[in-house]
Amino acid sequence: MCSPALEAVGSRMEKILLEIYDSLYKAFGPLHWWPGETPFEVSIGAILTQNTAWTNVEKAINRLKEHNLLSPECIRDIDINLLGEMIRSSGYYNQKAKKLKAFVDFLFLQYEGSMELMKETEMWTLRHELLQVNGIGMETADSIILYACYKPIFVVDAYTRRFLSRHKLIEEDAGYTHIQKLFMNNLPSDVAIYNEYHALIVQLGKELCSKTLPRCNICPLFVVITPFMGFFLAETIGVEETETEPVEVE
DNA sequence: ATCCTGTAAA
DNA sequence: TTTACGGGAT
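Going by the numbering used here, 23 is the number at position 23 of the first sequence; the sequence numbering is gapless.
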């Protein structure tokens, strides 16, 4: 941001993003995501939860725990088909067994199987490395960096794109990196805030800003983004957008 | 654009 | 009986 105009846009966006955060926090927070779990367990969870409900991931993780398999060494050494059986409940179990193997192989190759050692790597360098691992895309890499390594990177997901798009803060087809920059360029670089913000967005997406039948009537963001309310109402409630007539809500 | 796949809510 | 899920690879 160098011109005064862009700077003004940036500061306004900062205000909006903080306002959204406050509203979501008052409604849902604090969510304390991944509390009391080891960085390794968080990483495994980040892979297993790909396009899968978290409740199904918990079962898989508990199963690994019960069998004392939740360590880099055990995941590395276990038969891949048996591993698949252990994590069956998380879906895509054959692919995910392969992905878990790929992750621990990387962990041993680069960091002697130590998450602590991995954590010492600079954030963007680590991200670049993780993206080379088969089965780890941008969202999973960022989840590991934020929730397992406690580094200030913002996690973007389908919920994030959906609610921002509905509020006309991004284009519907905005890319991952664009959305990530929107947050990271307009918010303080703070692990605790990025942690809670993403968790709050997920909660919003699941409970209210759902794919079909979003419950806008009870949404904490209903009154937040005033300049965009016209678009917001038009798209989510199905009212025709007009130039002159203000939209009426009961 | 399709495939990978179990689970639970709608 | 569908729908959606804390995606990624091909």
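Any given hint could be a false lead.
In silico BS3-like links for lysine-lysine, alpha-carbon gap of 25 angstroms or less [as the list claims (entries may be wrong)]:
(1) K119 - K65
(2) K15 - K59
(3) K26 - K59
(4) K26 - K211
(5) K168 - K119
(6) K59 - K181
For each label pair, taking beta carbons as the anchor points, the in silico distance ranges come out as [what the hints assert, rightly or not]:
(7) P188 - A27: 19 to 25 angstroms
(8) N68 - K15: 45 to 51 angstroms
(9) N134 - K26: 39 to 45 angstroms
(10) L82 - L31: 44 to 50 angstroms
If you are wondering where the hints come from, they were derived from the structure by calculation, not from laboratory data. In this text the structure is predicted, and so the values were computed from the model without any measurement. Heads up, the beta-carbon is just placed ideally off N, CA and C, and yes, glycines get one too.
Range first: 44 to 50 angstroms. Now tell me if the beta carbons of L82 and L31 are that far apart. violated, 34 angstroms
Given the proposed pairing of K59 with K181, does the C-alpha separation stay at or below 25 angstroms? violated, 34 angstroms
Holds or violated: K168 and K119, Cα atoms, limit 25 angstroms. Violated - the C-alpha atoms of K119 and K168 are around 36 angstroms apart, more than 25 angstroms.
Would the pair K15 and K59 pass a check requiring their Cα atoms to be no farther apart than 25 angstroms? Violated, at roughly 40 angstroms.
For the pair P188 and A27, does the Cβ-Cβ distance stay inside 19 to 25 angstroms? holds, 22 angstroms
Checking one constraint from the list: CA of K119 to CA of K65, max 25 angstroms. Satisfied? Distance of about 23 angstroms is within 25 angstroms: holds.
Range hint compliance [Cβ, N134 to K26, 39 to 45 angstroms]: holds, 41 angstroms
Checking one constraint from the list: CA of K26 to CA of K211, max 25 angstroms. Satisfied? With a Cα-Cα distance of about 23 angstroms, the restraint between K26 and K211 holds, given a limit of 25 angstroms.
Tell me if the straight-line CA distance from K26 to K59 falls inside 25 angstroms. violated, 30 angstroms
Confirm or reject the claim that N68 and K15 have a C-beta distance inside 45 to 51 angstroms. holds, 50 angstroms
Of the numbered hints listed earlier, those contradicted by the structure are 2, 3, 5, 6, 10.
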